[in-house]
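S.K.: Sequence:
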Amino acid sequence: MVENVDRAENVSVAKAENLPETGNVAQIENDGIHMRYFGRDGYLLLDKLLNRFLRGGFEKKGAGLKMTLILFANNILFDHDYRRQVMYWLMLLVEDIKAFNSFPWGHYVFKMTLHYI
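Residue numbers (the numbering used here): 117 to 233.
Simulated from the structure, these hints should not be mistaken for laboratory data. In this text, a Cβ means the ideal position worked out from N, Cα and C, and glycines have one as well. Heads up, a few of these hints could be off.
Stated by the list, open to error - Heads up, simulated DSBU-like pairs for lysine-lysine below, C-alpha to C-alpha not over 35 Å straight-line: (1) Lys214 x Lys164; (2) Lys164 x Lys177; (3) Lys176 x Lys164; (4) Lys177 x Lys227; (5) Lys164 x Lys227; (6) Lys177 x Lys214; (7) Lys214 x Lys176; (8) Lys214 x Lys227.
What the hints assert, rightly or not - Have a look at the derived ranges for each label pair, beta carbon to beta carbon: (9) Ile233 x Asn167: 29 to 35 Å; (10) Phe188 x Arg152: 18 to 24 Å; (11) Phe226 x Lys177: 31 to 37 Å; (12) His231 x Arg152: 31 to 37 Å; (13) Gly222 x Asp163: 25 to 31 Å; (14) Phe226 x Gly173: 35 to 41 Å; (15) Lys177 x Trp221: 20 to 26 Å.
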């Protein structure tokens with residue numbers, strides 16, 4: 117646990133769309149959930165992601181889990197409404213479940229909270 121907090125010292129929340137510098141993020145995949153289900157749109161609204169998740173019928177195993185993780189992070193951890201865009205770095209992070217699990221969520225959310233206060 118202490119190891120994760122040490123890595124989180126470089127996390128910047130000044131711009132939410134910027135990728136946190138933790139060194140654990142996977143490169144974007146051509147067949148990732150964004151490309152597979154939403155095309156080449158430059159952004160993705162949470163509402164569109166939720167609607168696609170509720171329809172089900174995923175083409176690739178694990179796609180539903182990845183969408184769930186994005187929805188959980190945005191709605192529970194970050195408390196964003198459905199008019200907001202999914203943060204690009206989060207779409208990259210869910211492509212590697214191991215990186216998602218090792219991300220220092222508690223420290224990042226705490227720093228976000230302090231930033232918005």
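S.K.: Each hint needs a verdict: does it hold in this structure or not?
M.R.: Comparing the hints with the structure gives:
Between Lys214 and Lys164 the alpha-carbon distance is near 26 Å, which keeps this suggested pair within the 35 Å criterion. For the hint pairing Lys164 with Lys177, the CA-to-CA distance comes to about 20 Å; that is within 35 Å, so the pair holds. Proposed proximity of Lys176 and Lys164 is supported: the alpha carbons are some 19 Å apart, at most 35 Å. Between Lys177 and Lys227, the direct Cα distance comes to roughly 33 Å. Compliance with the 35 Å bound is thereby established for this hinted pair.
Annotation: proposed proximity of Lys164 to Lys227 holds, straight-line Cα distance about 28 Å (limit 35 Å). Between Lys177 and Lys214, the direct Cα distance comes to roughly 16 Å. Compliance with the 35 Å bound is thereby established for this hinted pair. Of the supplied pair hints, the one linking Lys214 and Lys176 holds, its CA atoms being roughly 18 Å apart against a limit of 35 Å. Pair hint Lys214 plus Lys227 holds up; C-alpha atoms about 22 Å apart against a cutoff of 35 Å.
Distance hint check for Ile233 and Asn167: the Cβ-Cβ separation is about 33 Å, which falls inside the suggested range of 29 to 35 Å. Range check, Phe188 to Arg152: about 20 Å between beta-carbon atoms, so the 18 to 24 Å window is met. At about 34 Å, the CB distance of Phe226 to Lys177 agrees with the hint of 31 to 37 Å. In this structure, His231 and Arg152 meet the distance hint of 31 to 37 Å, their C-beta atoms being roughly 33 Å apart.
Judged by the Cβ atoms, the range 25 to 31 Å given for Gly222 and Asp163 holds: they are separated by roughly 27 Å. Checked against the given bound of 35 to 41 Å, the beta carbons of Phe226 and Gly173, roughly 37 Å apart, stay inside it. The given range of 20 to 26 Å is respected by Lys177 and Trp221, whose C-beta atoms sit roughly 24 Å from each other.
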